[in-house]
Amino acid sequence: MAEFNAPANEAEFDKNFAQLKPHMTKTQAYLESSRCLFCYDAPCIKACPTAIDIPLFIRQIHSGNVNGAAKTIYESNYLGNTCGKVCPTEVLCEGACVFVEANEKPLEIGRLQTYATQQVLANDKDLFTLPETGKNKVAIIGAGPAGLACACELRLHGVAVDIYEAKTKASGLISHGVAPYKIQNEEAWGETDYLERKFGFRIFYGHPVTEVTQTKYLEDNYDAVFIGTGLGKTSQMGIPGEHLQNVFGAVELIEKLRDQKNKLHFPGNVIVLGGGNTAMDAASEAARMGAKEVTLVYRRSKNEMGAYEFEYDLAKSVGVKAIFNAAPVEILGDEKAKGIKFIRTKEVQGKVEPIAGTEFVLDCDWVVKATGQEKHRNLFSLIQGLHTDAAGKLLVDAASYRCMATKYFAGGDAVSGGQEVVNAAAEGKQAAFGILTFLNKE
Amino acid sequence: MTQLNTNFAGIKSPNPFWLASAPPTNSGYQIMKAFDAGWGGAVWKTLGVPVVNVSSRYGALNYRDTRMMGFNNIELITDRPLKDNLREIEEVKKRFPEHAVIASLMVETRDQWHQIMQDVTNAGADGVELNFGCPHGMCERGMGSAVGQEPRVLKTIVEWVMEVATIPVIVKLTPNITDITKPALAAKEGGANAISLINTIQSIVGVDIDRFVPYPVVDGKSTNGGYCGPAVKPIAMNMVKNCAQHPGVQLPISGIGGVENWRDAVEFILLGASTVQVCTAVMHYGFGIIRELTEGLSRYMDEKGFSSIEQMSGKALPNVKHWEDLNLQYKVVAHINEEKCIGCQLCFTACEDGAHQAIRLNSNPAIRIPAVFEENCVGCNLCSLVCPVENCITMERRDDGSENINWKERTLAGTVPVSFNDELAGGLHHTVPMPMEALQKDLPRHYKVK
Ligand SMILES: Cc1cc2nc3c(=O)[nH]c(=O)nc-3n(C[C@H](O)[C@H](O)[C@H](O)COP(=O)(O)OP(=O)(O)OC[C@H]3O[C@@H](n4cnc5c(N)ncnc54)[C@H](O)[C@@H]3O)c2cc1C
Ligand SMILES: Cc1cc2nc3c(=O)[nH]c(=O)nc-3n(C[C@H](O)[C@H](O)[C@H](O)COP(=O)(O)O)c2cc1C
Ligand code: SF4
Ligand code: SF4
Ligand code: SF4
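Protein chains in written order, with our numbering: chain S, 67 to 508; chain A, 5 to 454.
Because the hints were derived from the structure by calculation, they are not lab data. Wrong hints could be hidden among the right ones.
As the list claims (entries may be wrong) - Lysine to any residue pairs mimicking SDA-like chemistry, simulated, CA-CA at most 25 Å apart:
1) S/LYS171 <-> A/GLY347
2) S/LYS368 <-> S/GLN302
3) A/LYS454 <-> S/LEU122
4) S/LYS171 <-> A/ASN395
5) S/LYS402 <-> S/GLY304
6) A/LYS344 <-> S/GLU156
7) A/LYS325 <-> A/PRO251
8) S/LYS248 <-> S/GLN94
9) S/LYS112 <-> A/LYS452
10) S/LYS92 <-> A/ASN66
11) S/LYS112 <-> A/LYS445
12) S/LYS171 <-> A/ASP69
13) S/LYS191 <-> A/ARG215
14) A/LYS186 <-> A/ALA320
15) S/LYS248 <-> S/ASP259
Build the full structure now, drawing on both the sequences and the hints.
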């Protein structure tokens, strides 16, 4: 395959990871916005998890009111700029645009959205006026999309907010999970820094909450606590050889890639295990880093992949090969992984079953596991009264996002088990309203 | 094969497409280029005592993705010396003897009119067009639309010109007047051979809302200009029709205003024009648009079986009636083609808020195709006009065509409403919701100002 050469410098890296949704020029935005029909009860709004008033902001862009457009966006979605670039719009707003029904290209809602918010970020415009801060204080664990959205909404209602974040930067998986061809770190942080500045919440970086003394402290010093910790590291598959060198969890590898960019060297032959969006991303990224052969292996059939069709197409378009109905049995090698032994599978009443005698081996230099992420069970176990479902997802009230009769609230991937940035942004905001109701009752 | 040749009041041209007197006809260079490309005629940029123009002269009205759907200028007549223009007229006529070269003229005194008529006739012009239309700059000096708005003055000047004219004389009318037939009649009475219309409409095309000054901006200030381009076509067509239908006028008409494609030209011709003139479209796209104009016009004429422009000119006039002559029994209602509908619900909101509450949404919000409530539909067309899908909403006839009663006849029969609360009121039996119902409506969250 080798459609891409290993990037030798940052410029080449940027070229290999050219933005799928590049910023629009003023002319592009003017022309594109002119196409919107201004539908009544617009289906695009209904398809947006944060229900942004899309026809309104598009009309505002068209009439030259770009700051007004950005405000419309941020009123519904505090991660408006990021979402414009990383949302799977094909299955959300753009997929619902009436033009699809007419076999026409839907409005480029995502790019228009980023067009408006970009101007506001670039010019550091003030969009909101914050009220005086009142007596209430809320702690948030995790400065990912869910935590940030919750913080912004609370600040808009005069609540003091402190965020405790394990890492040294905000934005969560936006900067260490999402593929670099969707958004680059600088742009992700451009938005989170802006929010931090404008909404006046405090973020304590390098503050992982991992001990009971810490949770106790939060409970004693804050009126409510929001858990926005997302998911943990890649889970173990439980097969021999997983401990070998050159076996990576997808999220860990992607985080490294986003940090080191061209300085991270990919070898010739990479196998990616899994069939979800993370697997597609990891495979695409390996290919763009110049890996000679990238093979996706999924234990079920193509139709059962969790990944969106367009994400699979994107991976194929950069030369990724895929093998279906094959499950890994063992990772082979002494110190370093050298290959994987697979067995063919079939499905019996929805369950994957190996077919005896069909083992085969694929050689490789790296193994990338995109087989799911762990839940933060340790953290959850520190807190009295938290409940999770069997899969480890936090259980919350569907309207208020309150964790069963505690002063804890939660949203984002920690509750959903892994969705999109836009869902986390919607839930964080929704939870803020739950918290406000809770605070007003106390 | 269709003949596009035209004989307009004695002025012959290979086709009815003329360049209007404007920047595209500023020089012999441009006109030769245009004739070479296929234009049939050109009305030279208005000649007279040369002017001095301002810098920054044009403004435009853009609509959605369409630039220059309306165009505005504050330019005056030619700023080139007469002798240069005359020399170039001669050159063009020598090289293109079959093409129409018409000299547009605007001067003040009787002597000047006589002199300039003689000059352009000697230079070989096929005709002249008297510019009584410019609505800015020249009118303040007692010329242009100042003449066009005073039928008596107009008539006098036409008479001066006719005293010496040996070539056909066209009078170009200004639309900045209530009744266009008045100056048209004056032109006829003065002895003119033809009329052309419309010149530009007085306008302010836009305002720079940061600098508080209209466009185009001349060193921080501006002035009203003349409006033209696609946006003015409907106004121009109505005026052409008025002149064409007036029994006292009966002069050949050159139609001007927003012509951009062959269809526009056909419309003007069907309403009584026999040539059309084009300015804005050429200023926007250049002379090359002539290919589409001539090809489209001859294809249309072939299809309809017209062998000459004469045959088709005015074909629509018998169908342009007074309102009181229209059949009140004719009834159409909107019909939505569910196969084509894309569910934008623009028809719903248009009829609900802007017309007659005759379109309803499905009670199941997942079904986005609206339905027409025929009892309330007055057949106004609005929904079919806003629908973004071609032929998705069609207007279907509901009367059986057996009755034809118009307002005039109903007045004679005494069946028209005459008092304020008359039982014969046309809308009496429509279901109009009670005002308070408006406040109980289920509206989408995003419909209202927050
Ligand atoms: C590989 C990959 C690709 C993706 N691609 C897309 C995409 O293209 N588009 C899209 O919309 N979504 C994508 N997503 C999903 C999206 O990134 C997540 O849904 C979203 O980031 C979830 O937000 P969150 O706030 O719930 O959690 P996270 O983004 O995970 O943020 C959680 C934050 O909490 C911090 N934290 C965790 N534990 C603690 C602790 N104990 N103490 C203090 N801080 C802690 C973390 O450091 C992190 O900053 C992708 C996800 C992955 C894994
Ligand atoms: C269908 C229709 C009916 C109108 N009826 C009236 C009327 O009854 N009284 C009136 O003063 N103007 C009437 N107008 C003119 C409008 O009030 C307005 O002056 C004109 O449409 C220009 O504004 P616009 O470009 O926003 O449409 C009507 C316009 C339309 C389109
Ligand atoms: S569905 Fe498409 S056309 Fe309609 S309002 Fe939304 S973006 Fe505009
Ligand atoms: S305007 Fe046309 S496409 Fe839109 S809902 Fe009505 S019928 Fe359907
Ligand atoms: S024709 Fe007019 S009244 Fe009838 S449904 Fe359409 S918009 Fe309503």
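Evaluation of the provided hints:
Note on S/LYS171 and A/GLY347: the hinted pairing holds, with a Cα-Cα distance of about 16 Å set against a maximum of 25 Å. Taking the CA atoms of S/LYS368 and S/GLN302, the gap is about 23 Å. The hint holds against a cut of 25 Å. Pair hint A/LYS454 plus S/LEU122 holds up; C-alpha atoms about 12 Å apart against a cutoff of 25 Å. Between S/LYS171 and A/ASN395 the CA atoms are separated by roughly 20 Å; this keeps the pair inside 25 Å, and the hint holds.
Distance check on the hinted pair: S/LYS402 and S/GLY304 sit about 18 Å apart at the alpha-carbon level, within 25 Å; holds. For a cut-off of 25 Å, the pair hint linking A/LYS344 to S/GLU156 stands: about 22 Å separates their Cα positions. This hinted pair checks out: A/LYS325 and A/PRO251 have alpha carbons roughly 15 Å apart, not beyond 25 Å. Proximity of S/LYS248 to S/GLN94 is assessed by CA-CA distance (about 19 Å); at most 25 Å being required, the pair is judged to hold.
For the suggested pair S/LYS112 and A/LYS452, the alpha carbons sit about 16 Å apart, so the restraint of at most 25 Å is met. About 15 Å separates the Cα atoms of S/LYS92 and A/ASN66, which keeps this hinted pair within 25 Å; it holds. Between the alpha carbons of S/LYS112 and A/LYS445 the distance comes to roughly 19 Å, so the proposed pair stays at or under 25 Å and holds. At most 25 Å may separate the alpha-carbon atoms for a hinted pair to count; S/LYS171 and A/ASP69 meet this at roughly 16 Å.
For the hint linking S/LYS191 to A/ARG215, the alpha-carbon distance of about 22 Å falls within 25 Å, and the restraint holds. Proposed proximity of A/LYS186 and A/ALA320 is supported: the alpha carbons are some 23 Å apart, at most 25 Å. Distance check on the hinted pair: S/LYS248 and S/ASP259 sit about 19 Å apart at the alpha-carbon level, within 25 Å; holds.
The structure meets every hint from the earlier list without exception.
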